[in-house]
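*Asks:* Each chain is listed here by its residues.
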Amino acid sequence: MATVTYKAASRIYPGSDKPAVNKLDLEIADGEFLVLVGPSGCGKSTSLRMLAGLEDVDEGAILIDDRDVSNLPPKARDIAMVFQNYALYPHMTVYENMAFALKLRKTPKAEIDARVKEAAELLQLEDYLKRKPKALSGGQRQRVAMGRAIVRQPQVFLMDEPLSNLDAKLRVQTRSQIASLQKRLGVTTVYVTHDQVEAMTMGHRVAVMLDGLLQQVDTPRALYETPKNVFVAGFMGSPAMNIKTVPLTDTGAKFGDTLIPLTREQVAAAGEGGQKSVTVGVRPEHCTIADTGIAVEVELVEELGSDAYVYGFAELGNGNGAERFVVRAQGGEIPRLGEIVHIKPQVGKEHIFHAESGERIAV
Amino acid sequence: MTTATVTTDQPEPKAEKGPGRAGRAKKRLTGRTASLIALVIALLWTTPTFGLLLSSFRPEGEIKTNGWWNFFTDPAFTFDNYTQVLLSDTSSGRLGSYFFSSLVITIPAVLFPVAFASFAAYALSWIRFKGRDTLFVLIFALQVVPLQMALVPLLQMFQAWFGFEDEQKFIQIWFAHTCFALPFAVFLLHNFMSELPGDVIEAARVDGANHGTIFRKIVLPLVTPALASLTIFQFLWVWNDLLVALVFGNGKETAPMTVRLAELAGSRGEEWQRLTAGAFISIVVPLIVFLALQRYFVRGLLAGSVKG
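Residue numbers (the UniProt record's numbering), protein chains in the order written: chain A, 1 to 363; chain B, 1 to 308.
Simulated from the structure, these hints should not be mistaken for lab results. Treat the hints with caution; some may be incorrect.
Below, simulated EDC-like cross-link-like pairs (lysine to aspartate or glutamate); rule was C-alpha separation at most 16 Å, straight line [said to hold, decoys possible]:
(1) Lys75(A) <-> Glu59(A)
(2) Lys349(A) <-> Glu285(A)
(3) Lys228(A) <-> Glu359(A)
(4) Lys217(B) <-> Glu96(A)
(5) Lys64(B) <-> Glu271(B)
(6) Lys75(A) <-> Glu202(B)
Note that the structure is predicted; figures quoted are calculated from it, not measured.
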């Protein structure tokens with residue numbers, strides 16, 4: 001059990017001016033499940049590999065339980081890692097794969113046996129212990145990779161997109177298994193993914209990264225309700241939030257003919273630096289189809305059974321022409337293609353950002 | 001993100017349905033006609049060896065007057081050639097001692113380069129150090145130096161620094177063979193080792209393995225096909241070598257079978273019928289080595305390791 005601290009940790013690849021990870025400050029509590037999420041190339045995997053000892057820490061430091069591990073080799077850090085493509089040892093059986101690390105540490109044979117059996121039971125791998133990886137299915141291989149980490153009883157689990165090679169159904173199933181397993185074992189876990197749904201459903205806290213910079217780290221609900229900037233707002237949530245830059249008036253944001261009212265403080269903050277427009281985010285699920293409101297021409301309807309997502313174009317009067325707009329419609333009120341519907345954002349559920357800096361403007 | 005440029009030796013895609021180029025090529029290469037052609041080529045290729053085998057059992061007079069195919073119409077069978085080769089007590093002794101010398105030369109001259117090349121190839125593919133790629137290119141480039149160019153300088157070096165005598169000259173032969181084999185061996189093994197999935201090596205590092213353990217427990221088992229082919233290749237080369245053994249050896253004490261075979265024909269080649277039997281005796285050992293190692297030519301060793 002351990003805490004993990006990134007102290008202004010940077011990784012600058014040789015031959016590149018721009019850091020892959022730029023002064024990352026992050027504290028992960030004991031037993032916490034922290035998810036690092038972001039688009040590809042944002043530095044989330046690099047951050048994880050720095051913690052694993054597979055990448056150098058060029059500046060700053062990384063601490064595990066207040067012990068500076070920045071310059072220690074992987075084996076001295078007491079961490080276990082699950083790789084994106086499992087990285088099993090192909091010439092060893094499942095049992096040998098799981099026992100490998102313990103054998104290297106000269107653990108007594110009886111204990112190795114007990115621990116491997118226990119992990120195999122936990123992961124329902126008992127029947128496969130004598131098989132080689134090539135005789136396993138994708139999901140089983142993934143579980144062996146998990147098992148290899150579990151038997152180590154490490155201080156920290158590191159997982160680098162462990163679900164990305166599974167099919168959709170298995171992914172959802174394994175997702176909840178990993179989350180409950182982590183809860184049971186209570187081991188501090190750092191989990192990297194590019195899938196915001198995984199991040200939201202699994203993490204106690206989620207750290208959103210972009211271009212090597214940490215954007216926001218908070219609980220999934222807080223990220224959903226109060227995204228710190230336009231990027232986080234657009235990244236978290238599916239389908240993505242409608243983020244539009246529209247003209248700013250004295251009393252609110254002008255969506256075509258519809259006005260989204262803002263407080264005087266908000267208008268003042270949005271107008272900072274002589275801004276004449278404001279960025280407003282509205283989640284598809286926070287819109288209702290009404291008789292009046294923003295006019296949207298329906299282009300596509302995604303029927304999900306319980307409800308449907310309506311994709312269309314709206315003229316917002318900001319000089320950008322017709323812009324895409326997504327709305328969630330209840331089961332009964334699904335519009336037809338080509339129809340024009342009117343949309344009302346729910347009051348108080350909109351997100352206001354400064355048009356230039358993209359920073360959130362609080363209510 | 002970790003770039004997963006990995007070649008998994010997955011089992012081949014089952015019966016390609018589409019008329020893709022690969023699919024068509026595969027069909028053509030596994031069809032009945034193709035098999036027939038392959039069979040014919042194999043038969044043609046074996047004919048000379050078969051002729052040699054027949055000749056080795058024919059009497060001297062027959063060998064020297066007509067071709068081996070006359071065996072079928074006019075069979076004459078004798079073990080004379082074999083007895084002469086194996087048992088004749090010439091001044092240079094029996095074949096047995098040459099056979100022994102051959103083994104003494106060949107075994108270390110195969111093990112040393114394979115071992116050194118494995119170490120070097122591992123370092124060149126999985127240990128990061130400055131100038132690594134340059135070093136690899138330099139080693140690779142050494143292959144263009146013809147062996148004959150190095151004979152004299154190498155011999156001079158041994159003379160000046162060591163002055164080996166008699167049986168000690170085996171050391172010279174081992175050393176020379178090792179030197180001449182290393183560039184290609186390093187190149188071959190490096191190609192195999194650097195193709196191993198990086199994630200597996202990293203997983204082993206996280207599991208607490210150091211370079212020595214990774215080399216022994218992960219890398220070596222996964223490149224056994226390459227090790228086996230290199231071993232066979234080097235074994236054949238050294239076993240059949242005459243030049244290096246003559247130049248670096250010390251006459252009778254270190255002379256391998258090839259030297260004896262050359263002598264067997266007589267100083268003017270008048271006894272060349274003996275070569276037929278001699279050749280067959282010398283083929284036996286490489287054949288055993290090949291058959292023993294061919295079971296390591298396994299496909300799909302990496303299957304199941306990573307999902308590429």
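*Asks:* None of the hints should be skipped; say for each whether it holds.
*Replies:* Now the hints, each set against the structure:
For the suggested pair Lys75(A) and Glu59(A), the alpha carbons sit about 21 Å apart, so the restraint of at most 16 Å is broken. Of the pairs offered as hints, the one joining Lys349(A) and Glu285(A) holds, with about 10 Å between alpha carbons and a cut-off of 16 Å not exceeded. Note on Lys228(A) and Glu359(A): the hinted pairing holds, with a Cα-Cα distance of about 6 Å set against a maximum of 16 Å. With a C-alpha separation of about 11 Å, the suggested pair Lys217(B) and Glu96(A) falls inside the 16 Å cut-off, and the hint holds.
Straight-line distance between C-alpha atoms of Lys64(B) and Glu271(B) comes to about 10 Å, which keeps the hinted pair within the 16 Å bound. Straight-line distance between C-alpha atoms of Lys75(A) and Glu202(B) comes to about 11 Å, which keeps the hinted pair within the 16 Å bound.
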